[in-house]
Structures are given as structure tokens and as C-alpha cells.
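There are 2 protein chains.
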Amino acid sequence: MRSPIEQYLRDLHRELSGLTEGLPFQGIPAMASADPDDFAICLATVDGYVYEVGDSQTEFTIQSISKPFTYGLALEDHGLDAVDRKIDVEPSGDAFNEISLAHDTGRPANPMINAGAIAATSLIKGSGGRDGFARILDVYSKFAGRPLSVSEHVFASESATGFRNRALADLLRSFGIIEDDPDGPVENYFRQCSVQVTARDLALMGATLANGGQQPVTGQQVVGLETVQRMLSVMLTCGMYDDAGAWTSAVGLPAKSGVGGGLMAVLPGQLGISVYSPPLDQHGSSVRGIAAVRRLAAEMGLHFVQAARIGRSAIREHYPITDSPSGVRRNQEATDVLTEHGHRAQLVELHGDLLFAGAESASRHVSSMPDEVEILLLDVRKVDEVNDVALRLMDELCDGFEESGRRVAVIDSPGRISEVLCTDGTPLFSGSTEAIEWAEELLLRKHGCSSLVPETVALPDFVALAPLTDEQIADLDAAMERRVYEDGDLIRRSGQKFGGIYFITSGHVAASTAHGGHHVRHATLGPGMTFGEIALGGGAPVRVRAEGQVNLLVLTADAIEKIERDNTALALALWKAVATDAYTRVEQNLQEVAVRVRI
Amino acid sequence: MRSPIEQYLRDLHRELSGLTEGLPFQGIPAMASADPDDFAICLATVDGYVYEVGDSQTEFTIQSISKPFTYGLALEDHGLDAVDRKIDVEPSGDAFNEISLAHDTGRPANPMINAGAIAATSLIKGSGGRDGFARILDVYSKFAGRPLSVSEHVFASESATGFRNRALADLLRSFGIIEDDPDGPVENYFRQCSVQVTARDLALMGATLANGGQQPVTGQQVVGLETVQRMLSVMLTCGMYDDAGAWTSAVGLPAKSGVGGGLMAVLPGQLGISVYSPPLDQHGSSVRGIAAVRRLAAEMGLHFVQAARIGRSAIREHYPITDSPSGVRRNQEATDVLTEHGHRAQLVELHGDLLFAGAESASRHVSSMPDEVEILLLDVRKVDEVNDVALRLMDELCDGFEESGRRVAVIDSPGRISEVLCTDGTPLFSGSTEAIEWAEELLLRKHGCSSLVPETVALPDFVALAPLTDEQIADLDAAMERRVYEDGDLIRRSGQKFGGIYFITSGHVAASTAHGGHHVRHATLGPGMTFGEIALGGGAPVRVRAEGQVNLLVLTADAIEKIERDNTALALALWKAVATDAYTRVEQNLQEVAVRVRI
Numbered sequence: 001m002r003s004p005i006e007q008y009l010r011d012l013h014r015e016l017s018g019l020t021e022g023l024p025f026q027g028i029p030a031m032a033s034a035d036p037d038d039f040a041i042c043l044a045t046v047d048g049y050v051y052e053v054g055d056s057q058t059e060f061t062i063q064s065i066s067k068p069f070t071y072g073l074a075l076e077d078h079g080l081d082a083v084d085r086k087i088d089v090e091p092s093g094d095a096f097n098e099i100s101l102a103h104d105t106g107r108p109a110n111p112m113i114n115a116g117a118i119a120a121t122s123l124i125k126g127s128g129g130r131d132g133f134a135r136i137l138d139v140y141s142k143f144a145g146r147p148l149s150v151s152e153h154v155f156a157s158e159s160a161t162g163f164r165n166r167a168l169a170d171l172l173r174s175f176g177i178i179e180d181d182p183d184g185p186v187e188n189y190f191r192q193c194s195v196q197v198t199a200r201d202l203a204l205m206g207a208t209l210a211n212g213g214q215q216p217v218t219g220q221q222v223v224g225l226e227t228v229q230r231m232l233s234v235m236l237t238c239g240m241y242d243d244a245g246a247w248t249s250a251v252g253l254p255a256k257s258g259v260g261g262g263l264m265a266v267l268p269g270q271l272g273i274s275v276y277s278p279p280l281d282q283h284g285s286s287v288r289g290i291a292a293v294r295r296l297a298a299e300m301g302l303h304f305v306q307a308a309r310i311g312r313s314a315i316r317e318h319y320p321i322t323d324s325p326s327g328v329r330r331n332q333e334a335t336d337v338l339t340e341h342g343h344r345a346q347l348v349e350l351h352g353d354l355l356f357a358g359a360e361s362a363s364r365h366v367s368s369m370p371d372e373v374e375i376l377l378l379d380v381r382k383v384d385e386v387n388d389v390a391l392r393l394m395d396e397l398c399d400g401f402e403e404s405g406r407r408v409a410v411i412d413s414p415g416r417i418s419e420v421l422c423t424d425g426t427p428l429f430s431g432s433t434e435a436i437e438w439a440e441e442l443l444l445r446k447h448g449c450s451s452l453v454p455e456t457v458a459l460p461d462f463v464a465l466a467p468l469t470d471e472q473i474a475d476l477d478a479a480m481e482r483r484v485y486e487d488g489d490l491i492r493r494s495g496q497k498f499g500g501i502y503f504i505t506s507g508h509v510a511a512s513t514a515h516g517g518h519h520v521r522h523a524t525l526g527p528g529m530t531f532g533e534i535a536l537g538g539g540a541p542v543r544v545r546a547e548g549q550v551n552l553l554v555l556t557a558d559a560i561e562k563i564e565r566d567n568t569a570l571a572l573a574l575w576k577a578v579a580t581d582a583y584t585r586v587e588q589n590l591q592e593v594a595v596r597v598r599i
Numbered sequence: 001m002r003s004p005i006e007q008y009l010r011d012l013h014r015e016l017s018g019l020t021e022g023l024p025f026q027g028i029p030a031m032a033s034a035d036p037d038d039f040a041i042c043l044a045t046v047d048g049y050v051y052e053v054g055d056s057q058t059e060f061t062i063q064s065i066s067k068p069f070t071y072g073l074a075l076e077d078h079g080l081d082a083v084d085r086k087i088d089v090e091p092s093g094d095a096f097n098e099i100s101l102a103h104d105t106g107r108p109a110n111p112m113i114n115a116g117a118i119a120a121t122s123l124i125k126g127s128g129g130r131d132g133f134a135r136i137l138d139v140y141s142k143f144a145g146r147p148l149s150v151s152e153h154v155f156a157s158e159s160a161t162g163f164r165n166r167a168l169a170d171l172l173r174s175f176g177i178i179e180d181d182p183d184g185p186v187e188n189y190f191r192q193c194s195v196q197v198t199a200r201d202l203a204l205m206g207a208t209l210a211n212g213g214q215q216p217v218t219g220q221q222v223v224g225l226e227t228v229q230r231m232l233s234v235m236l237t238c239g240m241y242d243d244a245g246a247w248t249s250a251v252g253l254p255a256k257s258g259v260g261g262g263l264m265a266v267l268p269g270q271l272g273i274s275v276y277s278p279p280l281d282q283h284g285s286s287v288r289g290i291a292a293v294r295r296l297a298a299e300m301g302l303h304f305v306q307a308a309r310i311g312r313s314a315i316r317e318h319y320p321i322t323d324s325p326s327g328v329r330r331n332q333e334a335t336d337v338l339t340e341h342g343h344r345a346q347l348v349e350l351h352g353d354l355l356f357a358g359a360e361s362a363s364r365h366v367s368s369m370p371d372e373v374e375i376l377l378l379d380v381r382k383v384d385e386v387n388d389v390a391l392r393l394m395d396e397l398c399d400g401f402e403e404s405g406r407r408v409a410v411i412d413s414p415g416r417i418s419e420v421l422c423t424d425g426t427p428l429f430s431g432s433t434e435a436i437e438w439a440e441e442l443l444l445r446k447h448g449c450s451s452l453v454p455e456t457v458a459l460p461d462f463v464a465l466a467p468l469t470d471e472q473i474a475d476l477d478a479a480m481e482r483r484v485y486e487d488g489d490l491i492r493r494s495g496q497k498f499g500g501i502y503f504i505t506s507g508h509v510a511a512s513t514a515h516g517g518h519h520v521r522h523a524t525l526g527p528g529m530t531f532g533e534i535a536l537g538g539g540a541p542v543r544v545r546a547e548g549q550v551n552l553l554v555l556t557a558d559a560i561e562k563i564e565r566d567n568t569a570l571a572l573a574l575w576k577a578v579a580t581d582a583y584t585r586v587e588q589n590l591q592e593v594a595v596r597v598r599i
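Chain order of the listed sequences is A and B. Take the first sequence: its letter number 583 is residue 583 in the UniProt record's numbering, and every next letter is one higher. Take the second sequence: its letter number 300 is residue 300 in the UniProt record's numbering, and every next letter is one higher.
Hint data in this document are derived by calculation from the structure and do not stem from the laboratory. Any given hint might turn out to be false.
[Claimed, not checked] Here are the simulated lysine-lysine pairs, DSS-like style, with alpha carbons at most 27 Å apart:
#1 K142/A - K125/A
#2 K382/A - K382/B
#3 K142/B - K125/B
#4 K562/B - K562/A
Bear in mind the structure is a predicted one, so any value in this text is a computation, not a measurement.
Turn these sequences into a full structure, and let the hints guide you.
Below, the structure is given as C-alpha cells:
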């Protein structure tokens with residue numbers, strides 16, 4: 001089916017085709033003959049998808065849209081300070097071909113007027129066997145994600161008629177802004193203006209800027225974020241010539257137009273937008289280009305004020321671990337300790353983007369926790385993105401919490417934020433159940449006595465067998481096999497037929513389920529727990545593995561059959577106990593799920 | 001514990017206290033004596049929290065920071081077009097006290113220079129028994145969230161020495177920009193500059209702008225979003241006088257300074273920032289104010305390019321319903337139909353903010369689904385925020401999907417996005433299990449035969465009893481009670497002792513668990529399913545209610561006891577069947593949870 005955005009762009013394209021004011025650029029013969037009906041609108045997303053409507057594959061010359069890109073290369077080559085000494089960043093309020101040099105230093109007002117752009121071009125020197133212009137063409141091509149070329153026809157025409165730009169170059173030379181022969185830079189400037197692009201190219205060049213300098217399709221980091229910040233700032237304040245203020249008010253997007261009929265706008269973090277339509281307004285910008293971007297910004301809410309990230313709390317949930325216990329079955333004394341002290345361990349689940357505002361709300365929340373909270377479980381699995389600032393704040397937050405002898409653990413999937421956050425030995429868990437079990441054991445050791453975290457459980461102490469008499473348990477014990485598994489041993493896997501019931505007397509096992517090629521661990525079982533009651537079959541494949549050495553008592557299928565034959569009363573008591581135990585688990589699971597899916 | 005952000009602000013405050021350049025404003029005697037050591041930094045979040053360091057409660061006069069607020073009131077009073085005819089929005093590149101009137105019309109270049117500000121003040125007329133100035137003071141007070149007042153001392157001094165501003169007012173009158181006597185507006189302008197604020201007030205005024213015009217503490221909508229967009233755009237391009245370009249490049253935040261020593265900056269959607277420190281630089285802006293906001297922006301990543309929302313996919317998960325079946329037990333034929341056709345129903349889970357970029361990625365994803373996908377389950381429970389544009393796109397997306405005879409259902413919590421999205425009869429579910437069950441039944445009806453969605457199940461067809469012989473089932477049947485419940489009847493609730501096993505022969509029941517005062521439905525059971533196997537006790541309270549008329553067969557606790565006594569073989573078979581059935585459910589639950597918690 002057709003996407004509503006494609007439909008919207010088609011409608012916009014059709015409506016604006018009725019706009020027939022203006023003429024293609026008449027300044028040089030090679031451009032005056034452009035087809036006034038050519039019209040394309042493109043949107044490129046930061047993940048590299050391009051919506052294209054109209055003549056999006058038609059080539060035209062980039063003209064002034066080249067200015068921010070050459071300026072960006074100059075910034076990469078020389079750094080901000082060196083470039084700032086040559087070219088200022090103040091809006092001139094003048095048209096693109098005004099002189100606008102500071103009367104004392106000759107410094108051009110900004111890199112978007114011709115004088116500033118020629119000064120920027122003069123800063124690009126040859127390197128690695130390539131001359132300055134080859135490097136310029138190379139960087140444009142990297143932004144577009146394909147090799148671009150020069151229209152020699154337009155270049156010859158520009159060069160033959162560009163007296164005003166030659167005068168500017170000579171003037172810049174006279175002030176020492178251009179340090180060598182001005183002819184080379186001004187020829188390179190004519191050449192860069194004659195680079196041929198399509199509307200699709202321009203949208204992807206814009207998307208590269210939106211994406212912090214990384215080309216969305218090739219994945220190449222073309223320029224750094226600091227350079228992008230400067231390029232977009234200058235485009236916002238000086239990009240649209242004498243319209244800058246009205247443009248910022250109505251559109252609020254950094255943008256650049258060229259007399260070739262192109263216009264490129266950028267929604268930082270999200271979109272590159274381009275329009276191609278040769279007829280120009282009195283400022284030298286595409287009439288349909290201006291109209292299309294104005295409508296897109298207003299109708300799609302792209303203005304920087306409207307597209308602003310709303311600073312909402314990064315806290316998705318916050319609860320004491322007693323709200324979602326680990327499910328490890330414990331004796332009454334341990335249960336009492338956790339009931340009394342469970343609120344001392346709190347789980348805070350963060351979500352969304354963790355930039356300044358998210359980190360701020362998280363840090364405010366944690367900082368205001370009462371001193372009696374001794375354990376913080378920070379669940380960052382639902383965090384989408386973090387930046388350096390947020391990582392630093394979160395790191396300081398964890399350090400501050402631990403300074404007073406309290407403990408922090410992080411819950412995260414492998415290879416994500418925790419790789420940066422947990423470098424100093426902070427415990428890391430991949431699921432909340434394991435983290436909560438860890439917190440419960442810390443609380444039991446501190447607020448109970450060490451025997452509450454048992455290392456070994458004897459058969460009569462298994463909760464599952466509580467309904468049985470001592471004699472019945474002794475009979476079962478006599479029928480059981482002793483087994484020992486070492487770390488990593490596979491104990492059971494799905495597809496095996498019923499192999500009896502496994503009682504863990506010491507050590508731990510992990511049950512995991514395969515989903516899409518990787519195993520998701522969904523339970524850790526420890527001393528006093530049982531498994532294997534049914535043939536593990538149907539549904540996703542399940543595996544049970546030993547974690548460290550494990551001692552088991554196994555009531556095999558054969559042993560159970562024998563009991564059913566020889567001692568019906570014991571068999572009935574056993575199955576009734578197993579059924580009751582199973583339903584206790586069903587209920588626990590249902591309640592955990594209810595907690596987990598709560599909004 | 002102290003928040004790391006508070007700590008950061010304290011460190012910043014201490015370091016910048018060493019900056020002792022500049023003098024307080026010397027232009028009028030009443031201000032020259034301000035204490036140069038007064039220094040405050042505040043941050044106010046859009047949820048109304050204020051970080052304050054230093055002299056944040058000291059009052060000073062607002063001066064030029066009044067300009068955007070009076071301009072905002074003029075926009076609310078007259079609309080954009082009428083105000084634009086009087087005051088342009090182009091950066092002048094001039095200092096605040098330059099004349100900068102268009103030579104033909106006398107229109108001031110922008111509302112941030114004095115001429116433009118006086119023109120804006122002249123547009124505020126009395127209304128509802130209050131004069132123009134009372135209305136100005138009232139709107140400032142609403143932005144601050146407390147009643148503000150005028151320093152009569154500073155006002156008298158401004159009025160006595162303000163010859164240049166009187167000249168500007170007369171000039172504006174000569175061009176007809178001011179239409180009446182210019183004395184009133186210029187006096188009101190002096191008064192508005194003399195309004196006393198604290199750094200805390202300024203931060204909250206900025207936070208009101210960051211929050212789209214709604215004061216974060218009082219909750220009052222002071223001005224509309226369109227007005228805010230214009231105010232912040234003009235502050236960005238013209239707010240910092242002749243530094244506008246450098247400010248935008250380095251800081252990238254709309255801001256306004258005043259000669260009273262105040263400075264206010266805004267991070268749209270997130271923060272109001274204020275600094276108070278009287279010593280000024282040559283442009284009339286607070287030296288420490290500029291330094292503090294520059295450092296905050298750079299070190300906290302607040303520049304508009306860095307703080308940009310990263311356009312990532314709004315798709316959190318996407319899977320065919322066969323990956324996470326409803327758990328309703330079905331016969332082999334129905335299972336085969338769902339195995340073959342289950343991929344025709346797809347669940348798409350969205351998350352994060354759904355503005356343009358989020359809606360774009362969702363719409364691209366759904367639009368590209370193959371035609372064989374007949375049912376779309378759109379889970380929007382994890383979506384944080386939507387705007388009008390996204391709602392419109394999602395609505396068009398759903399309509400487009402349904403146009404070709406396909407079906408859409410939405411999964412959402414009550415009172416959220418679905419209230420707007422599901423107005424046209426689109427089915428709405430509060431959980432994915434119910435939605436998937438609905439989709440399964442649609443697929444069974446379409447691709448199987450109607451008998452696959454049974455209305456009634458006889459006892460021998462209960463999966464749970466499959467291991468029993470016909471004779472055993474007949475014996476059980478004879479021991480059972482028939483019960484009928486009507487819609488809404490409470491069948492069981494937690495705390496009741498074991499009441500036997502309930503077999504649903506027709507109708508549906510809903511099990512729900514209480515969490516924090518409201519009941520979360522976690523399962524719907526239908527014909528062929530059982531419940532009640534254990535005493536519902538421990539954990540959160542559970543209720544089972546009839547949904548519509550329900551027919552049950554109940555094997556009561558007494559009946560079971562009697563069987564255990566009189567027919568041990570049947571009792572053993574029954575408990576063994578119940579245990580096996582229970583463990584099938586344990587496994588199903590574990591696998592569903594594993595799917596749900598997968599990242």
C-alpha cells in the first residue's frame with residue numbers, strides 16, 4: 001500500500017506545480033535554458049530512506065548550496081579558531097552578491113555570502129597527491145554517497161562571466177584574507193558551484209548533516225559533530241540571505257538555496273529535505289522550493305520549536321522489589337525479613353532518550369530517595385539513546401549513591417549502555433528477576449542471618465513436598481538417583497521424553513528459551529527448587545544448564561511408574577503435591593506478568 | 001544525597017565567580033550602584049523543578065528581557081500579520097540602541113532593538129478595565145507564576161534620562177508606526193523595563209516558553225504555541241544583538257539579556273536557564289551570564305544541533321502472532337490453521353515519541369508489509385507522546401490498510417492515544433493477549449471452518465482430561481455440579497479455600513489481579529479451559545468474573561475427597577492429569593514472558 005507520507009508529498013508536488021512565478025537564473029547563458037517545469041521534492045531520513053517525488057534524478061548545478069560544505073571542509077582542515085580569523089559568522093542582512101567585508105580587517109561577514117565562500121574555498125589546499133578542488137569534490141561526493149562530477153559547460157560559462165567574484169577575490173587578497181594568488185581559489189569556487197547534483201543527492205547531503213555528519217547510506221563519518229553544529233548554525237542564521245529572520249520565524253530549519261534551482265533544508269537528528277525547481281524569486285531562491293519547505297515545516301511540525309524533544313521524565317517505573325519479588329521460594333523467616341526490609345531495595349526503570357533532560361530527571365529522582373534505600377537497581381534496557389553528558393551524570397549519580405556504602409546494580413542487555421556505565425565493577429544483570437534475587441540475598445544477609453540464604457536443602461525441606469508425611473518422603477528418597485553436574489553441563493533440553501522430576505539440593509541451573517537464534521534466559525533455579533515435571537516439548541526449544549556445580553536428586557520416570565504400581569497412596573500424594581506446586585507457579589507467573597506489562 | 005546537576009551548577013558558580021570584568025550598567029544612577037558580586041544561576045525544567053545556585057532570590061530589573069514578552073502579548077492581541085506590518089523580524093546586526101528603521105516605511109528591523117520594542121509596547125491597549133501597562137505586568141506575572149511589581153525608583157530614573165528612547169518614539173510616530181500620542185507607549189516601555197524579577201523568576205519564564213507557553217508550576221497556558229514559536233525564533237536570530245551569529249554557532253539557544261544583569265535562555269521542550277550578575281560587557285550583556293550559558297550549552301550538550309531528537313525507528317518490535325500465541329488451547333485442526341496462516345496477522349509495537357519522524361518510520365514499516373498480511377495489531381502502549389501530525393498520519397495509515405478489506409486493531413491503555421485513534425470503530429484491546437486471541441479467531445473463521453472457534457466444549461474434549469479413559473471421564477462427570485453464572489458475576493476470589501476444579505463448557509471468564517488500587521486483567525479463559533486448581537491465596541488478590549453467561553462443570557473439593565477415598569486409581573489419574581496440565585501452563589507462561597521481555 002502507498003505510504004501516507006508519499007501521498008502527502010505527491011499532493012504537495014501537484015499543488016505547487018501551479019506556482020509559475022519567476023525565471024531560471026539568467027546570469028549565465030548555460031543556465032538560462034533550464035526547464036522551468038522540472039520539479040522534485042525529496043525527504044531523506046537519518047536511516048537512509050529517501051522519499052522522492054517528481055524529477056528527483058535530474059542533474060543540476062549545486063551553486064551556493066556548495067558553500068556550507070566547502071566551509072565544513074575548511075573547518076575540518078584548520079579548526080574553528082583559524083577559520084574564524086578569516087571568516088566571521090554574523091548575518092549580513094545583505095544579498096548573496098554583496099561585498100560585506102569588515103572595513104578594518106576585510107573579514108567577510110559569513111561564509112554564505114560570495115566573499116566568505118571564496119575565502120573558505122581558498123583555505124582548501126591540496127593534500128595526498130590531490131589538489132584542493134579534487135578534495136572539495138571528494139567531500140561533496142561523500143556527503144551524497146556517490147561520485148559527483150562538474151558540468152564543464154556551466155563552469156566555462158561561470159568562469160567567463162564571473163567578474164564580480166574575481167573582484168571579490170582580489171579584494172580578499174588585498175586584505176590578506178586570501179594569502180596566495182587569488183586566481184586559483186576563484187576558479188575552484190566556480191568549479192564547486194558547477195558540481196552537478198540531483199534532488200535525491202541534496203536530500204541525502206542534508207540527511208548526513210541531520211545525522212551528525214554520518215552518511216546514512218554508506219555509514220561513513222564525513223565530518224565531525226562540531227563541524228556539523230557550526231555548519232547548521234551558520235545556515236540557520238545566514239543561509240537564506242536577506243530573508244534570514246522571516247525564514248527562521250516561519251520555517252525554523254537551517255537551509256541553503258542555490259541559483260541552480262536547488263534548496264536543501266535540515267531537521268537536525270531527523271531529516272534532509274530538498275526541492276529542485278529552477279524558477280527563482282528576487283533573492284535568487286527557488287520559488288517552489290521556498291513554498292514547499294514552508295508548507296512542509298508548517299504542516300509536518302518541523303520548526304525547531306515544534307520538533308523539540310519534550311523533556312519528560314526518564315523514569316518509566318519505580319518500585320520496591322517487594323512489588324515484583326524474584327519468585328525464589330524462601331522459608332517463613334526469610335519471607336518475613338524481605339517483607340520488613342524489601343523497601344530498602346528499589347528498582348528504577350528508565351526509558352526513552354537519555355540526553356540532558358532525561359539524565360536530569362533520573363538524577364533528581366534518585367538523589368531524592370530516602371537514606372533507608374540501600375540498594376538501587378537501575379534498569380536501562382528500555383533506554384533508546386544516551387550521550388556523553390548523560391553517561392557522565394549517570395556515572396556521578398551511581399558513584400554518589402555508592403559513596404555512602406549503598407549498592408547499585410545495572411540491568412541491561414549485553415553490549416549496550418552498561419558497557420560504558422559498569423566499567424568500575426558495578427554488578428550487571430540481564431534481567432530484573434536475577435537482579436532482584438541478588439538484592440534479596442544482600443538484604444537477607446544484612447537484615448537476617450546468613451542461614452537465610454541456604455547453600456544446601458535436604459529433601460524434607462523442599463516446599464513442593466510439604467504435603468507429604470515423613471514416611472512418604474523417606475520412601476521417595478529411597479527411590480531417587482543422586483546426580484552431579486559441572487558448570488555448563490546440559491541437564492535437559494526440549495524434545496526429550498519425560499525424564500522424571502529433578503530436585504536441586506545445591507547449586508543453580510539456568511533455563512533458557514531460543515528466540516530468533518539466541519537463547520533468552522528466563523529463570524534461574526536454586527536449592528530447594530524442582531524442574532522436569534513435564535516433557536519439555538512444544539513451543540520454543542528450552543534448555544536447562546548447570547551454573548557451577550549442581551547436586552540433584554532425580555525421581556526418574558521408571559521410579560515413578562514403580563511407585564504408582566506398588567504404592568498408590570504415595571503416588572497420589574506425590575502427584576497431588578506436584579499439581580499444587582505447579583499451580584502455585586502458574587499463579588506467580590501470572591502475577592509477575594501482570595506487573596511487567598503494567599503501564 | 002546531592003544531585004550531580006546541583007553539584008555541577010555549584011562548581012560552575014564558584015569557578016565563574018572569579019570572572020570580575022565589567023561594571024554594572026552606568027547609564028542611569030539608580031542602577032549604577034548594583035552589587036557587582038551578586039551572582040545566581042538557575043535551571044527550571046518543564047515539569048516545574050528549579051535548580052538554584054547563589055543569589056537566586058535577589059530582585060533586579062528585567063530591562064530588555066521584557067522585550068520578547070511584550071512582543072508575545074502583542075502577537076496574542078493582534079495576530080502575526082498585523083504585528084509584522086509594524087515590526088519586522090530581521091537581525092539588524094546593530095547594537096540594542098541603534099535606530100534601525102526601514103528608510104521607506106519606518107518599520108523597526110525587529111522587536112529586540114529599542115525601536116521595535118517601543119513599537120510593540122505601543123500595540124498593547126487597555127482592556128477589561130485595565131490599562132495597557134497593567135496588562136503587560138499581568139502577563140509577565142503569569143510567565144513567572146507570581147505577582148511581579150515595578151521598581152518606581154528605577155522607573156523614575158529611566159523616565160528622567162530616556163531622551164534617546166523618547167526620540168525613537170517620536171520618530172516611530174512620524175512614520176505612523178505608533179498611531180497615537182507617543183508619550184504613553186514610551187512611559188509604559190520605561191515601566192516594563194523597571195519590572196523586578198529574580199533569577200528564579202527568569203528561569204521559570206524561560207521554562208514557560210520551553211513548555212510551549214504553559215507555565216510549568218501553575219499549569220496556566222499563558223500564550224499559544226504559535227506565539228512561542230515566533231518569540232523563540234526572534235530571540236534566536238536577534239536576541240543577542242550584534243553577537244547573534246556567534247551566539248547561535250556556539251550556544252544555539254534562543255536567549256535575551258538585559259542591562260539589569262539578567263540573562264535568560266531557552267532549550268525548547270526542556271529547560272529555562274537564567275543567570276543574574278550585574279557587570280556587563282561592551283554589548284550590554286552580563287559577563288558571567290554569557291560565560292555561564294556558553295559553558296552550560298557546551299558541557300551539557302544543549303546546542304540545538306546536539307540536543308536534537310535523534311530520529312530513530314518508532315518500531316520496537318514486529319512479529320507474526322505465531323511468535324507469541326494467545327495461549328488459548330485449541331484442537332489440532334485449529335492449531336494447524338494458525339501454524340499455516342498465523343503470519344497473516346502481525347503485531348507492530350511502537351515506542352518513544354510519535355512526532356513526524358516516529359510516525360514516518362511506523363508508516364513506512366506498515367506500508368511495506370506484503371498484501372498477505374490481513375490483520376495489523378498496533379500496540380501503542382509504549383508510545384510516550386504524539387502530536388497532531390503523527391495522529392493524522394497514523395489515522396491515514398489505518399484507513400489505507402483497512403481500505404483493501406484488511407483489519408486493524410489497536411492495543412492501548414484506557415484514556416490514552418486510542419481515544420483519538422479509534423474513533424471510527426477500530427477494535428481496541430488493553431492487552432496483547434486479547435488482541436492476539438481476536439486475530440486468531442478471525443484467521444480461524446476465514447481460513448478454517450467456523451467449528452474451529454467452539455462455542456461449547458463437552459467434558460471428554462477437555463485437553464486437561466486427555467490422559468483419562470472414557471470410563472474415568474464418565475465417573476468424573478457423574479461427580480460434578482452444573483453451574484451457570486451471568487455477566488459480571490464474581491465466580492471466585494482470592495482468600496477462599498480450595499473450592500474444587502472449574503471446567504468451562506461455554507462462555508468466558510476474566511481473571512484479574514489488583515495492583516495499586518486497580519485491577520489488571522491478565523487472562524481470559526474460554527470453553528475447554530479449567531481454573532480453580534489451587535486455593536487462590538498469597539500474592540496480589542485475584543478475581544475471576546463471568547464475561548457474559550458462563551456454563552461450568554465443577555468438581556468440588558468434597559467430590560474430589562470422595563473420589564480419593566473410593567476410587568484411588570481415578571484420583572491418581574486425575575491429579576496426574578492436573579499436574580501435567582499445570583506444567584504445560586508453566587511452560588507457556590515462561591515462554592510468553594521470555595518473548596515479552598525480549599529487547
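Do the hints match the structure? See the list:
At most 27 Å may separate the alpha-carbon atoms for a hinted pair to count; K142/A and K125/A meet this at roughly 18 Å. Of the supplied pair hints, the one linking K382/A and K382/B holds, its CA atoms being roughly 10 Å apart against a limit of 27 Å. With a C-alpha separation of about 18 Å, the suggested pairing of K142/B with K125/B holds against the 27 Å cut-off. Between K562/B and K562/A, the direct Cα distance comes to roughly 25 Å. Compliance with the 27 Å bound is thereby established for this hinted pair.
In terms of the numbered hints stated before, the structure departs from none.
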